[in-house]
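In the order they appear, the protein sequences are chains A and B. If you read the first sequence in the numbering used here, its first letter stands for residue 1, the second for the next number, and so on. If you read the second sequence in the numbering used here, its first letter stands for residue 112, the second for the next number, and so on.
Be a bit skeptical, because a hint or two may be false.
Unchecked claim - Straight-line alpha carbon distances no greater than 27 Å define the calculated BS3-like cross-link-like pairs of lysine-lysine that follow:
#, chain 1, residue 1, chain 2, residue 2
1, A, K71, A, K54
2, A, K54, A, K5
3, A, K68, A, K54
4, A, K56, A, K68
5, A, K5, B, K168
6, A, K71, B, K124
Bear in mind the hints are in silico, worked out from the structure with no lab data behind them.
Residues per chain, in single letters:
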Amino acid sequence: DQQVKQNSPSLSVQEGRISILNCDYTNSMFDYFLWYKKYPAEGPTFLISISSIKDKNEDGRFTVFLNKSAKHLSLHIVPSQPGDSAVYFCAAGGGSYIPTFGRGTSLIVHP
Amino acid sequence: KAGVTQTPRYLIKTRGQQVTLSCSPISGHRSVSWYQQTPGQGLQFLFEYFSETQRNKGNFPGRFSGRQFSNSRSEMNVSTLELGDSALYLCASSLRTGTDSPLHFGNGTRLTVT
């Protein structure tokens, strides 16, 4: 049973617009969440994280929002750039839990 | 600072054989984790080592094993290979255990079992 779900396998966005990637989790004990970005033929790289004591964390063009009651988080990229085209993985964990990853969302940003 | 290095990058093996994959973490990182990535399955956790001790193990059969050396380098072994073991195997290191210590991944070893 998937504890971390990324229900959109792919997302297509125009350059300059906002990209919104979504992630849902089922384990209410998770208290730390991360986003990773993966280019083809490379390993994932850490992008941004958020602790459950916050509901928003921002780093440049990237913002992660956390809705604990809905067990939902989202990654916003504004403005989107062609170089953002990659697979984005959501991960959740905390405490004694090892990071559990979603299956990823492939983002394509069109020029 | 050098990143996480995984060797080899590509490997082709036959069913029933065994394979050993190697991972050199970022200098100073004592935690090493291994993940399996297959199409449509995301990243499945295999195991985590910290200071030569296995701290966590994922839901994989006993054919999958690993170890960590005193210099934090890690190896992963798969015995009696099956076709379903074909995947990208990713190693990641971090300063310490815990989800709040972000993982730094290598570029992976692509294993093909024929």
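Tested hints:
no. : hint             : result
1   : A:K71 <-> A:K54  : holds, 13 Å
2   : A:K54 <-> A:K5   : holds, 21 Å
3   : A:K68 <-> A:K54  : holds, 9 Å
4   : A:K56 <-> A:K68  : holds, 11 Å
5   : A:K5 <-> B:K168  : holds, 21 Å
6   : A:K71 <-> B:K124 : violated, 42 Å
Figure legend: structure checked against the earlier numbered hints; the only hint not met is number 6.
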